[in-house]
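Peer 1: Single-letter residue listing:
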Amino acid sequence: MILVAVMITSLLLGGRAVYLSVVEGGGVPALAAEQTASTAPNLRGDILSADGRTLATSLQRYRVVATPYQVEDAEEAARQLHGIIGEETGQTAEEIRKKLVSHDDRGNLSGYSVLGNVEPEIAGEVEDLNLAGVTVAPSSARVYPDGKLASQFVGHFGDYGEPFGGIEARYDQQLRSGEDLTVTLDAAVQQELEKELAGIMKEHRPEGALGMMMRVDDGAVVALAHAPTFDNNDFNKATPELQRNRVLTDPYEPGSTFKAFTMAAALEDGAVTPQDSFTVADQIQVADRVIHDSEPHETKVMKPKDILEQSTNVGTIQVAQRLGGENLEDYIRSFGFGEFTGVDMWGEDPGVIPPYEEWSGSSIGNIPIGQGLTVTPLQLVRGYAALLNGGTSVTPRLLVDEAPAESGARVISRETSDIVRGMLQNVVENGSGHLAQIPGYTVGGKTGTSQKVDPETGAYAYKHVASFVGFAPASDPEFVALIVVDEPKTEYWGEVVAAPAFKELMSFTLGYYNIPPDRDEARPEGRTNR
Amino acid sequence: MTALRTNLFLVALALSLLGLAMIYSATYREFGAHYLMMRTGHVVAGVLAFLVVSRIRYTAWRRLSLVLYLGVLLGLVLVLVPGIGTQIGGARRWFDLGVISLQPAEFAKVAAVIVLSCAVARYRPGASLPAGPMLGVGLLFVLVVLEPDFGTSVVLLAGVAGVLWASELRTRDLLLASGAVATGLAGIMWLEPYRRERFMTFLDPWAASDGAGYQIVQSLIAIESGDVFGTGAGAGGQSTAIPEVQTDMIFALIGEELGLLGMVLVIAAFGFVALAGFRIALLAPSVMARCMAAGFTTMLAVQAIFNIGAAMNVLPLAGMTLPFVSYGGSSLIVCFVAVGILYRISEDSERAREAKPRRRNPARTAGPDRRRRYRGTRHSRALRI
Chain S
1 MILVAVMITS LLLGGRAVYL SVVEGGGVPA LAAEQTASTA PNLRGDILSA DGRTLATSLQ
61 RYRVVATPYQ VEDAEEAARQ LHGIIGEETG QTAEEIRKKL VSHDDRGNLS GYSVLGNVEP
121 EIAGEVEDLN LAGVTVAPSS ARVYPDGKLA SQFVGHFGDY GEPFGGIEAR YDQQLRSGED
181 LTVTLDAAVQ QELEKELAGI MKEHRPEGAL GMMMRVDDGA VVALAHAPTF DNNDFNKATP
241 ELQRNRVLTD PYEPGSTFKA FTMAAALEDG AVTPQDSFTV ADQIQVADRV IHDSEPHETK
301 VMKPKDILEQ STNVGTIQVA QRLGGENLED YIRSFGFGEF TGVDMWGEDP GVIPPYEEWS
361 GSSIGNIPIG QGLTVTPLQL VRGYAALLNG GTSVTPRLLV DEAPAESGAR VISRETSDIV
421 RGMLQNVVEN GSGHLAQIPG YTVGGKTGTS QKVDPETGAY AYKHVASFVG FAPASDPEFV
481 ALIVVDEPKT EYWGEVVAAP AFKELMSFTL GYYNIPPDRD EARPEGRTNR
Chain H
1 MTALRTNLFL VALALSLLGL AMIYSATYRE FGAHYLMMRT GHVVAGVLAF LVVSRIRYTA
61 WRRLSLVLYL GVLLGLVLVL VPGIGTQIGG ARRWFDLGVI SLQPAEFAKV AAVIVLSCAV
121 ARYRPGASLP AGPMLGVGLL FVLVVLEPDF GTSVVLLAGV AGVLWASELR TRDLLLASGA
181 VATGLAGIMW LEPYRRERFM TFLDPWAASD GAGYQIVQSL IAIESGDVFG TGAGAGGQST
241 AIPEVQTDMI FALIGEELGL LGMVLVIAAF GFVALAGFRI ALLAPSVMAR CMAAGFTTML
301 AVQAIFNIGA AMNVLPLAGM TLPFVSYGGS SLIVCFVAVG ILYRISEDSE RAREAKPRRR
361 NPARTAGPDR RRRYRGTRHS RALRI
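In the order they appear, the protein sequences are chains S and H. Going by my numbering, the residue at position 188 of the first sequence is 188; the numbering climbs one at a time, nothing skipped. Going by my numbering, the residue at position 108 of the second sequence is 108; the numbering climbs one at a time, nothing skipped.
In case anyone wonders, no lab produced these hints; they're calculated from the structure. Beta carbons: idealized from backbone N, C-alpha and C, even for Gly.
Computed spacing ranges between beta-carbons, pair by pair:
hint: 1; chain 1: H; residue 1: Leu175; chain 2: S; residue 2: Glu88; range: 58 to 68 Å
hint: 2; chain 1: S; residue 1: Gly158; chain 2: H; residue 2: Val81; range: 40 to 50 Å
hint: 3; chain 1: S; residue 1: Pro240; chain 2: H; residue 2: Ala182; range: 51 to 61 Å
hint: 4; chain 1: H; residue 1: Ile56; chain 2: S; residue 2: Ser102; range: 50 to 60 Å
hint: 5; chain 1: H; residue 1: Arg122; chain 2: S; residue 2: Ser102; range: 46 to 56 Å
hint: 6; chain 1: S; residue 1: Gly158; chain 2: H; residue 2: Ala180; range: 50 to 60 Å
hint: 7; chain 1: S; residue 1: Ser102; chain 2: H; residue 2: Leu265; range: 43 to 53 Å
With these hints in hand, go ahead and build the complete structure from the sequences.
Peer 2: What follows is the structure, given as structure tokens:
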């Protein structure tokens, strides 16, 4: 009978083993994999900038945990613990004591109470205390070495293990598995951009400012910043407005920066040629509305180049009228407005482009000049990249390893791209964008100044968005950058508020990447550039 | 017989070497070779303990039993004194002697079986439960519970039950006693919240998979990921997430890395240990020897069943080590001591048989007949293998 008992016991245990490992085993790997993700001891991967700076990293920490019903002398234990972890966790002895005697919802002493996350040496000291009911367990801390650098872009990884926004959220899976990610963002350029935005905040006291820079050929995002910003190490103190990646979540009316697309569309379509002449007054009647230019002027004869140079609303509307609203809408959409850009990040807003069927009679008087539609800063930059790179659309890229999408769809021909590029260069050299000029380089760009719509009245309020989008070298563009300033209080013209910051950012970037100057006069006498 | 006891030792040795490999596999990532070196020392100490104990005639324990009892009692009391006993995770169970730390509760298990065996062997068949020895053993049990070390105290009771079952005491008393003990254990379990929680966790570990059920859930995941042949020694990734994997949960690691095959072999090995131990008990030359053999065997078997059962969530988690396999010096030494005593009893019973071959005197069959010992003793509860 002993034999029987032993055999039955063995068989029962063995049967359970068979059941667990073979029968049930098939269904569990998914769950096991999920578990590994959250419990594996490996640390979350780092986020690195393209130039190798650490934007986010994880440090080995230890979690000091109390099991209140096992704690013997809470008073004394709290005193001893305070001596060791008090400073690092910023708690008083009394606060620690309260955690040591915390109760669960049934009124019993609870079984789990976290006293803090501490460094390994401190954890060792806690262990040496050998306090009843106090243990330490491996954990980690997410640290953002340059806390304010690209906070919204990087996103945040919370203390309780959830990611919030940005790269942290979008690539949570890879990071959890310990994979390091290198983003296309260049920390040096990013820093310069943030410096310029901070300067704008100080000088013009706007509600906010943002900017981004992209490579025109492959859509790699080189810098992307918002002001005011926040320290990612103090994420919880920031408001959701600050935490948002407004470059892609908040569409706005682009105003005059949009005129380049109207012009490109008309040229590409053949409705307008560079040699055409327009008789441009300082106001124009469109259906029931009269649209003015920003400043009164004599009626002039203008070529398309002059229309962009002077940024005249009336001239741009005349160009659009030749093209026709339906065609214009087609081109606007083919530049990617009103759609997701395909950027690999969550929270993107596609903006609103009114379908032609919904246009009113006066729509042809505001859509071509960037009103009555909304775009995100990212869409605008992406659209310019297509304008400038020879006419093919790009998909914004955020990761260095991400293969660039195969050459995007052709939006406009190379000839049109070249013509528009020349016109935009002319804007900086002779027109409204002269503050963006960079010695030694050809620069192109377009200013934008739009009035904001008052959300209550639906009418334009006396509040402005000043912006500048530009690129360099204009002869063969490498980078396109956009600066958008929301409600500047001193001046509201894009060329005054945003263009200087663009200039500083772009000249830094060109030097930083050793882009050879393409303009002779900057070279000192007797020296030749390689 | 020689083959039986030699195989018993070899199986024990094999299990302890398997433990060596598994412990290294569980700890090399974090601690390098530290646990490997310590464990090697434990195995050597265990084998030495076996060699020494198996050279002591089992009858010698009768003289040693009082000293043994008092020594263990002293140890159990001292370990509760703050400053002498080392406290880890809320329990005061260890003497920290620098290089090694001793766990007196482990030795208390051995003492309880030996002392009780010596005591009950003195009573006539059918005698009622003797109060003195029971109180003595009960004291050991209480002290272990106070540490607190619930797992070891249950194992101690299992040893006691094994001894009493093999003794010739009155069956009715034993049934009453076991009923009382079962009630008592349930009470202890219910009164201490974390044990109650453990029991609840056992019923549904997934309900608290990141809290109380964490250990069991991780264990189940590890075993399930092992499949038939396992991931291979050292390759287990799931098990690293299990707290106490090198001690209480080593079976989960075996399940993951050696798969179903490994688990079945380990279960079979313990099945063999149990069969061999009880066989030795049945062939034992005296009541005392039979009680000792049954006590130790029951102890090892219960400990193995509870440990393996907890890892597979068929029994509640009590915090017991897996005999021979788990990490823990005191535990391993005590297991080898038990095997050493079993080995010696088997040897002695053979010698007794050889010394007095086939002499039987029908006139002397009444009463506790010493001459009968060489055929193995016999009584109402002894069951044939």
